[in-house]
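Trainee: These protein sequence lines map, in sequence, to chains C and L.
Residues 48 to 599 (this note's numbering) are what the first sequence spells out, left to right.
Residues 19 to 146 (this note's numbering) are what the second sequence spells out, left to right.
Among these hints, one or two may not hold up.
Selected chain C positions facing chain L (Cβ under 8 Å, derived; list incomplete) [to be verified]: (1) GLY88; (2) TRP120; (3) VAL130; (4) LEU135; (5) ARG263; (6) SER330; (7) ALA385; (8) GLY388; (9) LEU392; (10) ARG523; (11) PRO599.
In case anyone wonders, no lab produced these hints; they're calculated from the structure.
Cβ coordinates follow ideal geometry from the N, Cα and C atoms, glycine included.
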Amino acid sequence: MTSFLAIGLVLAASLVIGIYGVRAARTTSDFLIASRKVAPGWNSMAIAGEYLSAASVLGLAGLVLKNGLGTLWYAVGFTAGYVAVVALVAGPMRRSGAFTVPDFAEYRLGSPRLRKLSGCIVLVIMLLYLVPQFKGAGLVLHLVSGAPYWVGVLLAGMVVSVSIAAGGMRSATYVQAFHYVVKLAFLAVPAVYLIVHAGADARAQALEPDRGAVFREDTVVEFNVGTRLEIPEPTTVAATGGESVPLGAGVHDVAAGEKLTFPAGASVPRPAGVPELGGEEWSRPLLDTGEAGSPLFGTWSTLLAITLGAMGLPHVLMRFHTSPTARTARRVAVGVIALLGVFYLFPAVYGLLGRVFTPRLALGEASDTVTVVLPAEVVPGAPGTVLTALVAAGAFGAFLSTSSGLLLALAGGLSHDLFSGSVPRLRFAVAAGTMVAVLIALPAFRLDINVLVGWAFAVAASTFCPLLVLGIWWRRLTLAGAATGLTIGAVTSTGAVALSAVADLEPGWVTILLAQPAAWTVPLAFATMIVISLLGNEPDWAEHALLRLHAP
Amino acid sequence: MKPNRRVRVTSPQTRIALARRHRPGQHLLPMPAPADITGARAAFRRQRRIALATMAGLACLVFGTSGLVAALPALDRLQVAGVPASWLVVGVALYPLLLALAIVHVWRAERAEQGDGAPPANDRLRHG
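Whenever a hint applies, use it, and build me the whole structure from the sequences.
Mentor: Spelled out as structure tokens, the structure:
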């Protein structure tokens with residue numbers, strides 16, 4: 048109930064701020080970029096608010112719990128991406144005067160067809176990103192209220208699309224700045240409170256590397272999907288019907304839907320394909336994706352995908368056009384780095400405490416929920432309920448602000464780049480985009496939030512990143528080069544992750560190359576653009592278009 | 019112009035795209051050359067040098083620290099205020115360094131722009 052109230056308050060405040068921000072969205076420019084009247088401080092906060100999605104608020108803590116400290120590199124990559132944005136794209140993108148990435152593509156290379164191709168890639172990236180946000184919203188509502196998953200998804204879709212369709216980017220700016228504060232406060236305050244109240248014993252346990260996890264009390268673990276468990280020592284568990292089942296040390300298969308009750312003090316079993324909770328692999332801050340036995344490669348590939356992917360995210364780039372000058376755009380991006388750095392100190396707290404208090408979440412494919420579930424486990428009673436409400440409201444804020452930014456970019460892609468832009472059509476595009484995302488999110492209950500978000504980053508890194516970097520810094524980029532590179536980057540990155548999601552592959556190099564494709568798709572896209580461009584000749588005015596991007 | 023008046027801003031290529039709605043297939047008009055092409059080239063090269071330096075710094079920072087963590091397992095054992103040092107490096111220490119790198123870049127890029135003597139073109143547009 049308290050959680051509902053808190054989420055309701057965040058929703059109501061968002062709507063009020065959104066309506067206050069409506070004033071008058073009269074032209075396409077008002078709608079998409081707030082007519083460039085947004086102050087730098089607000090803009091930094093709005094960008095950070097938009098960027099910190101369900102993947103950061105819910106997903107990151109869950110990843111730390113399930114896969115260990117190495118997943119903190121995701122957060123580093125999310126932040127490092129902004130250093131690349133400051134250095135390479137923020138200023139020139141703003142000077143180009145383009146609203147969207149496809150707009151920029153047409154400015155630099157002078158082809159409406161390239162604009163359409165880029166518009167299609169925007170749609171792919173935005174949908175990949177939007178679906179997990181709706182999933183997060185449905186999950187949080189389901190957890191705190193027991194309401195069916197689809198209610199949360201529908202409700203979230205309605206609130207976001209109404210607020211955006213009415214107010215456009217101007218309202219989104221203030222709503223998103225508000226959401227940054229909500230997210231930071233509602234994650235940081237409970238985190239500090241939990242650290243203080245967890246007790247010295249639990250704190251020491253959470254911080255000690257190489258110490259396996261045990262159940263603190265009799266724990267019911269619900270298995271949503273069939274799971275292969277490695278049991279470290281013989282344990283007697285109670286099965287669904289209440290009968291005692293002795294499990295010897297070794298590998299056991301648990302069927303989907305089964306509930307096992309582990310006794311207090313039993314070691315937490317290890318699901319196949321995941322490092323042992325608190326084991327050496329878990330506590331080393333490196334990412335061994337796909338268990339290829341090369342953690343450094345996994346770490347670097349992830350860093351590459353996320354750092355370069357952040358540079359190519361259309362909804363983030365669009366935000367820089369709300370700055371009055373290129374100089375302000377750059378400074379806004381620096382502000383974002385500071386705000387992200389502060390926020391990313393906290394998700395790890397939930398992951399680390401989660402290993403001590405709620406190790407069961409790492410077993411039942413529910414690790415995404417650790418941020419919301421943890422407070423009540425650490426602090427029972429009324430304070431726990433209030434903390435849960437705060438965290439849930441923060442998570443909902445994360446979902447709201449990110450999805451409103453995504454929807455704007457999606458609407459921009461649909462109406463501005465693929466068709467012609469007018470405000471009624473943009474509003475229609477927002478509604479249509481929401482509907483598609485909600486429809487995909489409804490059956491996506493089992494999908495891991497971070498898989499989809501990581502996918503969006505990989506596609507952005509393999510398509511728009513080379514287009515922007517070469518378009519801004521290399522005179523000789525040609526239309527043929529850009530178009531071929533975009534196509535190859537989009538096909539390989541989407542294909543690789545789709546294959547790794549669908550096919551059941553053995554751990555090894557093939558798996559890691561498919562699950563983290565950026566390490567080869569990004570260089571491939573760059574190389575294609577460069578080689579094809581060198582084969583042809585750029586038009587005479589290409590250098591003028593390039594120089595204008597850097598004119599102080 | 020009154021400070022609070024809302025102005026419609028449309029990028030040139032958007033205007034062209036909108037005007038061209040019923041005549042597909044036409045290409046962008048040739049972009050005019052900047053007034054001082056030698057100066058513009060020099061400014062571009064200066065900015066590119068600064069950007070390359072920052073990107074090199076970024077690569078050293080993130081790949082370097084992850085390499086360090088991989089090369090020195092001792093960092094996991096070394097405790098700072100009760101927390102393993104390698105956790106602190108990844109979870110805390112990198113963020114101020116990334117921020118510092120970005121601030122230095124902005125400082126250098128803006129100084130390079132001021133070196134040209136002319137006021138920023140975009141500011142002129144805004145007040146014009």
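Trainee: Now, for every hint given, state plainly whether the structure supports it.
Mentor: Hint-by-hint comparison with the structure:
| no. | hint | in the structure |
| --- | --- | --- |
| 1 | GLY88 | violated, 16 Å |
| 2 | TRP120 | holds, 7 Å |
| 3 | VAL130 | holds, 5 Å |
| 4 | LEU135 | holds, 6 Å |
| 5 | ARG263 | violated, 21 Å |
| 6 | SER330 | holds, 7 Å |
| 7 | ALA385 | holds, 5 Å |
| 8 | GLY388 | holds, 3 Å |
| 9 | LEU392 | holds, 6 Å |
| 10 | ARG523 | violated, 14 Å |
| 11 | PRO599 | holds, 4 Å |
The structure does not agree with the numbered hints 1, 5, 10 stated previously, though it agrees with the rest.
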